[in-house]
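Once you've looked at the hints, dock chain C against the given chain G.
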Amino acid sequence: MRIWKFGDDIDTDAIIPGRYLTEYDPKKLAEHVFEGTRDDFRAGVQEGDVLVAGRNFGCGSSREHAPLALLGAGVKIVVAESFARIFYRNAVNTGLLPLICPEAGALVEGHEAVVDIAGGSIESDGVCHATEAVPPFMQEIVDAGGLVEYAKNLEEVELCTGSHR
Amino acid sequence: MGATLVEKIFSSRCGKEIEAGDVVMAAVDKAMIHDITGPLAVQKFREMNGNVVFDPARIVMLFDHQVPADSIQAAENQKFMREFALSQGIHNYDLREGVCHQVVLEKGHAAPGEIVVGSDSHTCTYGAAGAFATGIGSTDMGFVLRFGALYFRVPDSIRVEVNGAFAPRVGAKDLILDIAGSIGADGATYQALEFTGETFASMPMPGRMTCANMAIEMGAKAGIVPPDAITWEYLKGRRPDVRPFTLENDEEATYAEWREFDVTDLVPKVAVPHNVDNVVDVEEIAGTHIDQVFIGSCTNGRYEDFAEAAEVLGNRTFSDDVRVILIPASRDEYLKTLRAGLIERFVKAGALVEAPCCGPCMGGAFGLLAPGEVSLSTSNRNFRGRQGSTEAEVYLCSAATAAASAIYGEITDPREVA
Numbered sequence: 009m010r011i012w013k014f015g016d017d018i019d020t021d022a023i024i025p026g027r028y029l030t031e032y033d034p035k036k037l038a039e040h041v042f043e044g045t046r047d048d049f050r051a052g053v054q055e056g057d058v059l060v061a062g063r064n065f066g067c068g069s070s071r072e073h074a075p076l077a078l079l080g081a082g083v084k085i086v087v088a089e090s091f092a093r094i095f096y097r098n099a100v101n102t103g104l105l106p107l108i109c110p111e112a113g114a115l116v117e118g119h120e121a122v123v124d125i126a127g128g129s130i131e132s133d134g135v136c137h138a139t140e141a142v143p144p145f146m147q148e149i150v151d152a153g154g155l156v157e158y159a160k161n162l163e164e165v166e167l168c169t170g171s172h173r
Numbered sequence: 334m335g336a337t338l339v340e341k342i343f344s345s346r347c348g349k350e351i352e353a354g355d356v357v358m359a360a361v362d363k364a365m366i367h368d369i370t371g372p373l374a375v376q377k378f379r380e381m382n383g384n385v386v387f388d389p390a391r392i393v394m395l396f397d398h399q400v401p402a403d404s405i406q407a408a409e410n411q412k413f414m415r416e417f418a419l420s421q422g423i424h425n426y427d428l429r430e431g432v433c434h435q436v437v438l439e440k441g442h443a444a445p446g447e448i449v450v451g452s453d454s455h456t457c458t459y460g461a462a463g464a465f466a467t468g469i470g471s472t473d474m475g476f477v478l479r480f481g482a483l484y485f486r487v488p489d490s491i492r493v494e495v496n497g498a499f500a501p502r503v504g505a506k507d508l509i510l511d512i513a514g515s516i517g518a519d520g521a522t523y524q525a526l527e528f529t530g531e532t533f534a535s536m537p538m539p540g541r542m543t544c545a546n547m548a549i550e551m552g553a554k555a556g557i558v559p560p561d562a563i564t565w566e567y568l569k570g571r572r573p574d575v576r577p578f579t580l581e582n583d584e585e586a587t588y589a590e591w592r593e594f595d596v597t598d599l600v601p602k603v604a605v606p607h608n609v610d611n612v613v614d615v616e617e618i619a620g621t622h623i624d625q626v627f628i629g630s631c632t633n634g635r636y637e638d639f640a641e642a643a644e645v646l647g648n649r650t651f652s653d654d655v656r657v658i659l660i661p662a663s664r665d666e667y668l669k670t671l672r673a674g675l676i677e678r679f680v681k682a683g684a685l686v687e688a689p690c691c692g693p694c695m696g697g698a699f700g701l702l703a704p705g706e707v708s709l710s711t712s713n714r715n716f717r718g719r720q721g722s723t724e725a726e727v728y729l730c731s732a733a734t735a736a737a738s739a740i741y742g743e744i745t746d747p748r749e750v751a
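Top to bottom, those sequences are chains G and C.
Position 24 (the first sequence) corresponds to 32 in this note's numbering; numbering is contiguous.
Position 96 (the second sequence) corresponds to 429 in this note's numbering; numbering is contiguous.
Here chain G stands alone, though its shape is the one from the complex (with noise of 0.2 angstroms):
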């Protein structure tokens, strides 16, 4: 997988424009991903390439569109050095991987990856950067395939369960 590399504080209105939030199919999203602040992405990017991001990547509207144009565009997984909360919960619901990594600014533009998911790395350049692992009430959804799929045949909830730390 090769990487594209982004900056810090990414938003949301950069990864897909207000405008085109009237449609929901990730294909017609990934249309407009990134258009106007990185249109060379859009025009370049393949299936199973990761996008690698400073901190705050995701910051702003709650727009779940911002994962699905991403997954239209054929990444599965973001790199990232911090993500803002309500991006970071989208994503795992969505079934796009969100990996917290400190060292991600030490990753080059176009260079080849490989991401160990379960040993909690991507390795890049010979070098091999640990990444923080999805947290554990998360890590159910993933496990699941998304929210939707962890939920769909449930019954119920138990309210008030779920305390640890």
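Just to be clear, a hint being listed does not mean it is correct.
As the list claims (entries may be wrong) - Rough simulated footprint, nothing fancy, chain C against chain G, three-plus residues with beta-carbon under 8 angstroms:
#1 27 to 39
#2 58 to 70
#3 96 to 108
#4 148 to 156
#5 161 to 168
Stated by the list, open to error - On the chain C side, residues computed to face chain G include the following (Cβ under 10 angstroms):
#6 D355
#7 E380
#8 E409
Source of the hints: derived by calculation from the structure; they are not laboratory data.
Keep in mind that this is a model prediction, so the values were computed, not measured.
Backbone N, C-alpha and C define an ideal beta-carbon position, used for all residues, glycine too.
Same frame as chain G, but now just chain C:
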């Protein structure tokens, strides 16, 4: 020991002691959905084998982002939502009332101690009424529609203590821009901002809404003002079912951070492109040419904002070189502004006044910018492309600064306008 406001709310909900860092499945009191993120939430609800929503009376539906429908697709989405509301028995405010966050508070859908979620990031606005309120995505909302509950990681809190009295033409928006500039765009990620101190204790509800609204601009999950006499007075008539109770913040609670601000010498602030935390004193950028001024949005579209703008405007007119767009945040705010005679003054001064909705704030419907153009806006985000072209620029400020600048066609310190 002591606990933060957020810990108290979750502990009360669960009937046991809950601390920051705990992860709990908690029942929600209200869920808000709108025209943009609503259709996908409904789709997800159905994919989760949802047939009947958890409680139609606890769901608030309205349209505000693309109002009136600006495309056939927007119209289709709204039609879809109307049909869903009808089939589920959900009351739908449709496009009649205005911007979601203003309407939710105005109609009494959020009260102290309640847990409210909305599929919009500025749902944190309801913290102004002492609620724990947070923005969620559509899939999370689908889960809420089905089960009436959601997993929450209970956030740590940053205590934001503000003291002092505002100088003339300086107010809540300048304060929250100052706070955002200080804390930074990700300085409160996954935390809650607890607003306290004498400035908040005397701040009327509109200012509290402005501040809570922008908690998300620092990455916060929630912003909350402890309920007091001002809160209970606001809720009178809106929530006859809720009797005033005590929900205070404890000084000895465990805070992630304790920040102090003093507004005595605070000056008008502006967030310059393209990040909300790029905050400067208005003097530093006075004279910057502007093409459009927008006074409105869930941040600053209330009567008080228009009254402030009108005071600055006086008997002048707006510059012919600037497109001035005024959008009240709700029907109630529109009527208050209309009855006070301000709408007529603004229209005579050259402004366009639109029906309550988000307007240019999201860059979806109208009032978009061409490449190279500059907008001065009372809304909450100045991300690149937020109000149209990615080659345009958006500056954020208060209604007073917006009005002063609209008179001269360039960014102007409202204190300079006699």
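A quick look at each hint next to the structure:
| no. | hint | result |
| --- | --- | --- |
| 1 | 27 to 39 | holds (count 5) |
| 2 | 58 to 70 | holds (count 6) |
| 3 | 96 to 108 | holds (count 4) |
| 4 | 148 to 156 | holds (count 3) |
| 5 | 161 to 168 | holds (count 7) |
| 6 | D355 | holds, 5 angstroms |
| 7 | E380 | holds, 5 angstroms |
| 8 | E409 | holds, 8 angstroms |
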